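In my numbering, the protein residues as written are 364 to 501.
Some hints here could point you the wrong way.
[What the hints assert, rightly or not] Calculated lysine-lysine pairs in the BS3-like style (CA-CA distance at most 25 Å, straight line): (1) K402 x K473; (2) K402 x K430; (3) K430 x K473.
[Said to hold, decoys possible] Just the calculated beta-carbon pair ranges, DEER-fashion: (4) Y468 x R501: 30 to 36 Å; (5) P442 x R417: 29 to 35 Å; (6) R501 x V453: 27 to 33 Å; (7) I408 x S455: 15 to 21 Å; (8) G410 x K430: 21 to 27 Å; (9) E434 x I479: 19 to 25 Å.
I should point out that these hints are in silico values taken from the structure, not numbers from a laboratory.
In this text the structure is predicted, and so the values were computed from the model without any measurement.
The C-beta atom is built at its ideal place from N, Cα and C for all residues, glycine as well.
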Amino acid sequence: MHIRFFIFFILTSTFFFTNCGKDKDENTLEPISGVWHLKNVSGGITGININYNRGLVKWTFNNKNHKLSVENNILTTGPEDIYAGLDTGVYSYEIRKDGQIETLYIENNKRGVVIIANDSLKLDDNVAADGLIKEFER
């Protein structure tokens, strides 16, 4: 009987101690890590609503080195390019948390509040009347 209790105690202790060791910052950044395809940019005073074909603009967040790789394949200089945001390149990023709000900074410039649900990422620049929302999908 004591051996069963001892084995149960060891297994339970191992479970609890191995599941609570993640760094808080790592948990905050984990959902954004990976590849995101720009799907839509909307908002602004003029009511921008631009849809993007999958693969046209791709952002890859690397959680380990805090680098964002952007692949922008837009060839025109029209609104699609202007509102797509970043040019092709590698940028440093961080997410700063203030209470429940997480804000993305790229190269120390505020890019928007991060909203991740299912396989959707929204960056809301949080400007009431004339702000833009960039929507990405996995």
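Identify every previously stated hint that the structure contradicts and give their numbers, smallest first.
4, 5, 6, 7 and 8
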